[in-house]
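Colleague: What follows is each chain in one-letter form.
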Amino acid sequence: MTNAPHDHCTIRIKDFEGPFDLLFYLIEKNKIDIYDIPIVEITDQYMDYLFAMQEMDLEIASEFLVMAATLLHIKSRMLLPERKEQDETGEDPREELIIKLLEYKKVRDFADILRNREAEWRKVHYKLPEALPESAYETELEVSPSLLKECYQKILQAYNDRQNDESQKMRRIIQHERVSLRLKIKQLLDMLKKGIRLCFSAIFNLKKTSKLEVATGFLAMLEIAKSGKATIHQEVEFGEIYIEPRRIARDEGA
Amino acid sequence: MEKYISNQEELPGTKALNAENERKQHMHDLREIESILEAVLFAAGDAVPVEKLSEIINQDKKTTVSIMSNMEMKYKNSSRGIMLRRIGTSYQLCTKPEYDRYIVQLGQARKKQGLSQAAYETLAIIAYHQPVTKAYVEHIRGVNSDNVIMNLLEKNLICEVGRQDSPGKPKLYGTTEEFLRVFGFSSVKDLPPIDINDIQTVMDEIPVD
Amino acid sequence: MEKYISNQEELPGTKALNAENERKQHMHDLREIESILEAVLFAAGDAVPVEKLSEIINQDKKTTVSIMSNMEMKYKNSSRGIMLRRIGTSYQLCTKPEYDRYIVQLGQARKKQGLSQAAYETLAIIAYHQPVTKAYVEHIRGVNSDNVIMNLLEKNLICEVGRQDSPGKPKLYGTTEEFLRVFGFSSVKDLPPIDINDIQTVMDEIPVD
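Residue numbers (my numbering), protein chains in the order written: chain A, 1 to 254; chain B, 1 to 209; chain C, 1 to 209.
These are computed hints drawn from the structure, not numbers from a lab.
Glycine included, each C-beta is placed from N, C-alpha and C at the ideal position.
It is possible that some hints are incorrect.
Simulated coverage check for chain B against chain A, where a stretch passes if three residues somewhere in it have a Cβ under 8 Å from a Cβ of chain A [unchecked claim]: (1) 22 to 36; (2) 41 to 51; (3) 66 to 74; (4) 82 to 92; (5) 122 to 128.
Simulated pairs of lysine to aspartate or glutamate, DMTMM-like, Cα-Cα distance not exceeding 25 Å [stated by the list, open to error]: (6) K189(B) <-> E150(A); (7) K96(B) <-> D190(C); (8) K169(B) <-> E130(A); (9) K112(B) <-> D161(A); (10) K106(A) <-> E178(C); (11) K76(B) <-> E32(C); (12) K123(A) <-> E178(C); (13) K155(C) <-> E120(A); (14) K76(B) <-> E178(C); (15) K169(B) <-> D190(B); (16) K134(B) <-> E235(A); (17) K96(C) <-> E154(B); (18) K76(C) <-> E213(A); (19) K96(B) <-> E72(C); (20) K52(C) <-> E130(A); (21) K96(B) <-> E178(C); (22) K106(A) <-> E130(A); (23) K96(C) <-> E160(B); (24) K74(C) <-> E55(B); (25) K134(B) <-> D161(A); (26) K52(C) <-> E235(A); (27) K149(A) <-> E55(B); (28) K155(C) <-> E118(A); (29) K52(C) <-> E34(B); (30) K123(A) <-> D100(C); (31) K106(A) <-> E177(C); (32) K74(C) <-> E98(B); (33) K61(C) <-> E140(A).
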């Protein structure tokens, strides 16, 4: 290899990642101070590469051409006579390019660090995973104790509202069925006179009688109990209700 | 290499000091060899023939075997999760069998699952009033609760605790220990307090006239 | 559990004995936990998220992390062929790099390729500035980066992390755990620092003449 001026033409443009890469190559090759780029020299060398590419009939990526235009523009500004005036404003036509080059240099430096680290950590070996049995999903319940209480309070409230609503309806029924209630009380008292214990569900069965009649019957039963003519027993909540003539219970006890 | 294992004799005079240094050096080398073997066996994953191992550590087969036996013991006796297995004339690193139950959990994706509103309601009624029948639950909720009770039984949050002494002998449900565990209660007495008299009050208010 | 790490205080009288016994028990439990973790990580081969580990050993995440840090040190300082790596919020066992030359003799080492200059540059930009758009990468590199980004996505070294809130909603890229693994970082916070002020300084330094 000689240092012939066009020796660099042997380098294919594809070897460069982009215009910055090429510029860096030139800067390093010419041992140029990046903060003070001799723009004329660099531009000329840069253009030489592009011309060489053209001669070799290689397609030149548009980014290289954009950079060429930028370099030529900077070069022309540097050569213009009014540059003196620009000096006073402190503006250097190369400033933007230098900033971009430095930014790119940082990336290249870090890329080198990454390359070295990759080579270093390639020495670390991992083990292939063991064949683990594909176990079924283990579902884990996620619950909230406070939600339990909250839900309970809501359902109680709903229940109460429903009951109140029904008792409202009941009131209306009672007003309409006053006679019916009296009739029911009479019927019940007649049955109790026989001295036997009655099952509420046997007398007032929803399957045999209407809801209204059962409700009225229930109220009749309560009325009788209130008057002291009978006692009501219910062993468990919502269990069977037994009605007994008061006479039997009390008389035997006395 | 064999000296590492057998060199225990004392030499007189200055020789003793040299021997001691030499022994220390050997011990260091032995530990280095053991590290190499661990790395090699780890990376291999599979069983590695003793011939291959002796080639890698540049020792004869007999020495390699005695080093391996020594390592086998070390793994066994120290608090390690892995151990060395000799399979024929090969060696392999593997996990200790007692840790199997932890390893299987690697493949288990735990799915977090919440409860439905219906489940909370039903569970709450059962928890606060246990033992209760399905009819009671349905009475309070005002809707059929077959499915939700089935679901809670499957999740082992409730269970049958007996039968009510009433016509049809309906099943009685209560909460399980799993329920306590999941909700973080020590006992059902830990349930957040609620004014239960509300229901009773309603019943008493029904006017007769 | 945390007591294992911090419980060093001495108690007077008989309490001291209890405390000592308790400490011993804790030490024993801790070593057992370390054995479990070694077995699990060995079997996993891959990196295991700390959440999974804490689930398996039934300890909270913070405790698990401190146990893992302790183990990391132990592997490093003892004559072991393997070591523990933290990769992001996961942990993985691997061989110590100094034993590479022995492992390659197994003849099974998976062929690993380096990356292209373009890939290193693009990764460098994404690693430092994440999350970033393709346009930003191209701005810094001065060249179209479609293919290299596609390639890094395929290698799982970068991933989409969202979209930028700007016209066209361009995709934002960041590095992955695989990136950390390949380049030996524990987290992106480990990236060697670059002087961000460089540019500012440079601007001040640019000679005007």
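Colleague: If a hint holds in the structure, say so; if it does not, say that too.
Modeller: Right, here's what the structure says about each hint:
1. 22 to 36: violated (count 0)
2. 41 to 51: Contact hint for the stretch 41 to 51 of chain B vs chain A: holds, 3 residues under 8 Å.
3. 66 to 74: As far as the stretch 66 to 74 of chain B goes, the hint is violated, because 0 residues have Cβ atoms under 8 Å from chain A.
4. 82 to 92: Contact hint for the stretch 82 to 92 of chain B vs chain A: violated, 0 residues under 8 Å.
5. 122 to 128: The restraint on the stretch 122 to 128 of chain B holds, since 5 of its residues have a Cβ under 8 Å from chain A and three suffice.
6. K189(B) <-> E150(A): Holds. K189(B) to E150(A) sits at ~17 Å (cutoff 25 Å).
7. K96(B) <-> D190(C): Answer violated: K96(B) to D190(C) is near 35 Å, above 25 Å.
8. K169(B) <-> E130(A): Status violated; Cα separation ~54 Å.
9. K112(B) <-> D161(A): violated (35 Å)
10. K106(A) <-> E178(C): With Cα atoms ~23 Å apart, K106(A) and E178(C) stay inside 25 Å; holds.
11. K76(B) <-> E32(C): holds (13 Å)
12. K123(A) <-> E178(C): Distance ~16 Å between K123(A) and E178(C) Cα, so the pair holds.
13. K155(C) <-> E120(A): holds (19 Å)
14. K76(B) <-> E178(C): violated (34 Å)
15. K169(B) <-> D190(B): violated (30 Å)
16. K134(B) <-> E235(A): Roughly 18 Å separates the two Cα atoms, so the pair holds.
17. K96(C) <-> E154(B): With Cα atoms ~50 Å apart, K96(C) and E154(B) exceed 25 Å; violated.
18. K76(C) <-> E213(A): Cα-Cα ~86 Å, so violated.
19. K96(B) <-> E72(C): Distance of about 20 Å is within 25 Å: holds.
20. K52(C) <-> E130(A): holds (17 Å)
21. K96(B) <-> E178(C): The given pair, whose Cα atoms are some 29 Å apart, is violated under the 25 Å limit.
22. K106(A) <-> E130(A): violated (42 Å)
23. K96(C) <-> E160(B): violated (58 Å)
24. K74(C) <-> E55(B): violated (29 Å)
25. K134(B) <-> D161(A): holds (21 Å)
26. K52(C) <-> E235(A): Violated, because 53 Å separates the two Cα atoms, which is more than 25 Å.
27. K149(A) <-> E55(B): Not satisfied, since the Cα-Cα distance of roughly 70 Å exceeds 25 Å.
28. K155(C) <-> E118(A): At roughly 14 Å apart (the allowed maximum being 25 Å), E118(A) and K155(C) satisfy the hint.
29. K52(C) <-> E34(B): violated (31 Å)
30. K123(A) <-> D100(C): holds (5 Å)
31. K106(A) <-> E177(C): OK: K106(A) and E177(C) at ~23 Å, within 25 Å.
32. K74(C) <-> E98(B): OK: K74(C) and E98(B) at ~22 Å, within 25 Å.
33. K61(C) <-> E140(A): holds (18 Å)
Checked against the numbered hints above, the structure breaks hints 1, 3, 4, 7, 8, 9, 14, 15, 17, 18, 21, 22, 23, 24, 26, 27, 29 and satisfies the rest.
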